[in-house]
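One line per chain: the protein sequences are S and P, in this order. Going by this note's numbering, the residue at position 373 of the first sequence is 373; the numbering climbs one at a time, nothing skipped. Each number in this note's numbering corresponds to the 1-based position in the second sequence with 1000 added.
Source of the hints: derived by calculation from the structure; they are not laboratory data. There may be inaccurate statements among the hints.
Claimed, not checked - In silico DSSO-like links for lysine-lysine, alpha-carbon gap of 30 Å or less: (1) P/K1148 with S/K400; (2) P/K1207 with P/K1231; (3) S/K402 with P/K1234.
Okay, here's what each chain looks like letter by letter:
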Amino acid sequence: MKNFTTLRILDRFRWIFEKLGIEYEIMRKIVQLKLTMDQRRVPTVFANQTSKKTKERNVFLQSLWVYIFIGLFLSIFMGGEEYLFQMTIFFSIAMFMVMMSMISDFSSVLLDTRDNHILHTKPIHPRTISAAKIIHVTIYLFFITFSLTFIPLLVTIFNQGVLFFLVLVLELIFMNFIIILLTACFYLLVLTFFDGERLKDMIAYIQIALSIILTIGYQFVGRSFRLSNMDIVFTPEWWQFLLPPIWFGSLFEVIFQGERHLFLLIYAVMAIVMPILFIMIYVRLMPTFERSIQKLSSNNGIPRKQRNRFSNWLARRICTDREERIFYAFTLKMMKNEREFKLKVYPSLGLALIFPFIFLIPQINDGSLQEIGSGNKFLFVYFSMMMVSSILLMLGTSEKYKAAWIYTTTPIKSVASIYRGALKAALARLVLPVMCFNMLVFIVIFGMRIIPDMVVIFLHTILFTVICSTIYNREIPFSQSAETSKQSTNFGQSLLVLSIAGVFATYHYLLLKVDYAIYLNMVLMVVVNKFAWKKVFQKF
Amino acid sequence: MSKDITRKEVLSLRDLRISFGTKHVLQGIDLTVYEGQIIGYIGPNGAGKSTTVKIMLGLVQGYTGEVTIFGQNIAQDENNSYKGRIGYVPEVAEIYDSLSASEYLTFVGELYGLSYEKAEEKANRLATLFGLQDVYHTRIASYSKGMKQKVLLIASLLHNPDLLFLDEPLSGLDANSVMIVKEIMAQLAAEGKTIFYSSHIMEVVEKISNRIILINGGQIVADGTFEELQKDSKEGTLEQIFNQLTGFHEHQQMAKEFVSIVQEV
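Build the full structure now, drawing on both the sequences and the hints.
Written out as C-alpha cells, the structure is:
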C-alpha cells in the first residue's frame, strides 16, 4: 500500500486524534486502505482483459480539473467591493457544487455496509471507525473544495489581500462542516424511519429531493438581492437565518466593509459559531449513525409481483424484434431497481425538470407573463436535454456489473438489439416523460401555438439520444462498474454532447424564422429518426 | 470403453492452450466428452479448471487449439447458437441482485429463447420446489448464499440444456438441497444430458461422476472412472488419488507448521 501524502500530512495532527481518544495507528490504516481501494477500482467485466495491467490511479482525482474549470468562473465574484453580494453568491455556488458531489459520489462511502462486517467485528473502538470515515470523506471534500476554489483563492490574494484570503480559507473549511452535518442528518433521519431494501430506495429519493431543494434554495439566495439603480440592495428577512451562504457573505461584509446592521452582525457570528456547533453535533451523532447503517443490510419487505399491462403493450409497439423487447423489459426493471442508477440519474432528472423554468422565472419577473408567452423562450425546454448524457453514462454501469456474464453465456443473436432495447427503455421511462411534462407546462404558458414546436423538440430529443449514444463509449447495459465508466469518458465528450444539444436548439431557432419550416422539419425528423435507429447500431 | 462408440460426441477439445501474460494456464488439453456423462473436473486451485469452462462458454478469448461443441467449432459459430443448449452455473454468484428471482429468471429464460409466459411458469414452479416461493418476488440482494445458488441453478436449467457446466454448484446449499441437486444431476444424465462438474469436494465428485478428469498445471494428469483411477494409483479415496497425482504429501507436516505459527503471538 502506498504511503499517501495526504496521510503524511495527517500524521502532523496525530496529537489531536489521540487527545480525542482515537487509536490513531488503526484509523490511519483504515483510511490508507480506503484510499488504496479507491485507486484500485476493478476494471472491466470480461475476463479476456485479465492480462492487461491497469495502472493504479484515482479516477476521482483526475476528474477534479472540471472543478478547477468551474472555479475559473467563480473567480469573477472575487473582484469588487460588494462583499455581501459577491460572497453570498460565491458560497451558494460552492456549497451547491460540493454538496451535490457529496450526495452523488459519497453516499457509498457514508453508507458502506461492508464496514459493519469487516471493521465492526474487529477489536477496534467504534469511535476510531467513525473517525476514519470522517477523515476519508474529509480528504475528498478537501480536494473538491480546493480545486473549486483554487483560482478564486489565488485571485483574492492579489485582489483583496492576505487577511481576506485567510478568512475565506477558514470559512471554506467551515462550509464543509455544515455540508457534512447536513448530509449526515438527512441520512440519519431516513435511517430511523425505514429499514432494509425500502430504506435504500428512500435514500435515493431523499437524495433526489435534496438536490432539487438545493437548486430552489439557490433561487432564494438570488431573491435576497434586488438590482436597483445599479446598486445591489440587500433586504434582511427572517428566513435568511436558514441560508448559510448569507452568513458567510455577511461575515465578509462586516469585517471588510464595517457594516453594522444588526442582522448582518448576527449572521456574521453565525458564520463562525454554527459550523463549529455543527461538527460537534456530527461527532455526537456518528455512533447513532453507524448503528442505523446496520439496518441497511436487514430486510423484511413484503414480496409482490407486478406486471404492467400498459408497459407490455408499449413494449410490443416500440420494439419489433424479440431480443430487443427482452432487453427493453430488462432495462426497465433494472432502472427501477438499481439503486446506484437511481442515485446518479434521478437528481439529473430533477434538474432537467427544473432547469428550463429556472431560466424562465427571472424573465417573468422582468416582463409580464403575456409578453413572455408571445416570445421564443419556449426553446428553454432544450435545457432538459442535458439529462440524456448522465442517463446514457449510467446505463452502461451497474453495482453488480459482473453479472453481465449472462450476456456472453446465452445465445444472443445481435448485440445491436441489446443497445436498441436498452435505449428505448431509457427514452420511454425517463427522458420522454420528463420532456413531455415540461412541454405540457410550457404549452400552458405559451399557448397552443407552440404545439408543433413541442412535437419537433420531442423528435429532436429522440434523435439527440441516438447521437449521444454513439459519442460515449458504448458498453453493454449494466456491464461496467461506475468507476471504469467514468474513467473511459472524458470531459470533452460531455462537452460535445452539450454542444450538440445547443446545435439542436439553434437549429430550431432558425426554423422559426422561416414559415412552415417547422412542419417540413417534422417530416424530415421522422425519416431521419427511422434511419438512425436502423443504421447507427449496426456497427456494433 | 466400447459403449462410447455408439454414443454421441458432445464436446471435444483439441490441444487447447491459453496463457495470461507469461503464465501458461492451459498447456494442451485434449478431451472428448460423450452424451450422458457426468464429468468430475478436478484439480488444485489455479490449475485451469474455470478457464477451460470459460473458454467453452466464450467468456475467455485468445486461446489456441480447437473447441468443438455439438459438432461445431465454437470459433465459427457467429450467432452463438450453441450456447442455447448450454446451462452454466458460475463459481462466484455474480447476479443482478437488484432484481427479484422472478425478474431475473424470466429474463434469463427469455435470453435462452423461452417465451415470457413459459419462462415465468417454469421458473415459478422450480423455485417453489426449491422452497423459494416466499422470497420469489423479493430482491435477490437479500437472499442467503444458498438461496442465490438455487437461483443460479434454476437459471442454468430453465431452457432444458443438453450440456451443463456446473462450477461448485453445491456451495452454500444445505444438506437436503445437496441431496436434491445430486439426484437431479443423476436423473438428467440418465436422460442423456452431459454434465461438466467442477468441485473441490472430492467425496461428492467421487460419488456422482462416472468419469473423472484431473488437471494439474494446465494439463490432464488423469482421466477415467473412479475405479480406473483407483486401480492406477493404488489409493483408496479420490482425495488420496488427488493428493498423489498432484504430488502433494506433506499435509500433516504443513498443518503442524501452520498450527505452530498460529500459536506464536
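So, going through the hints one by one against the coordinates:
1. Of the supplied pair hints, the one linking P/K1148 and S/K400 holds, its CA atoms being roughly 14 Å apart against a limit of 30 Å.
2. Between P/K1207 and P/K1231 the CA atoms are separated by roughly 17 Å; this keeps the pair inside 30 Å, and the hint holds.
3. Between S/K402 and P/K1234 the CA atoms are separated by roughly 43 Å; this puts the pair beyond 30 Å, and the hint is violated.
Consistency with the previously given hints fails for number 3 only.
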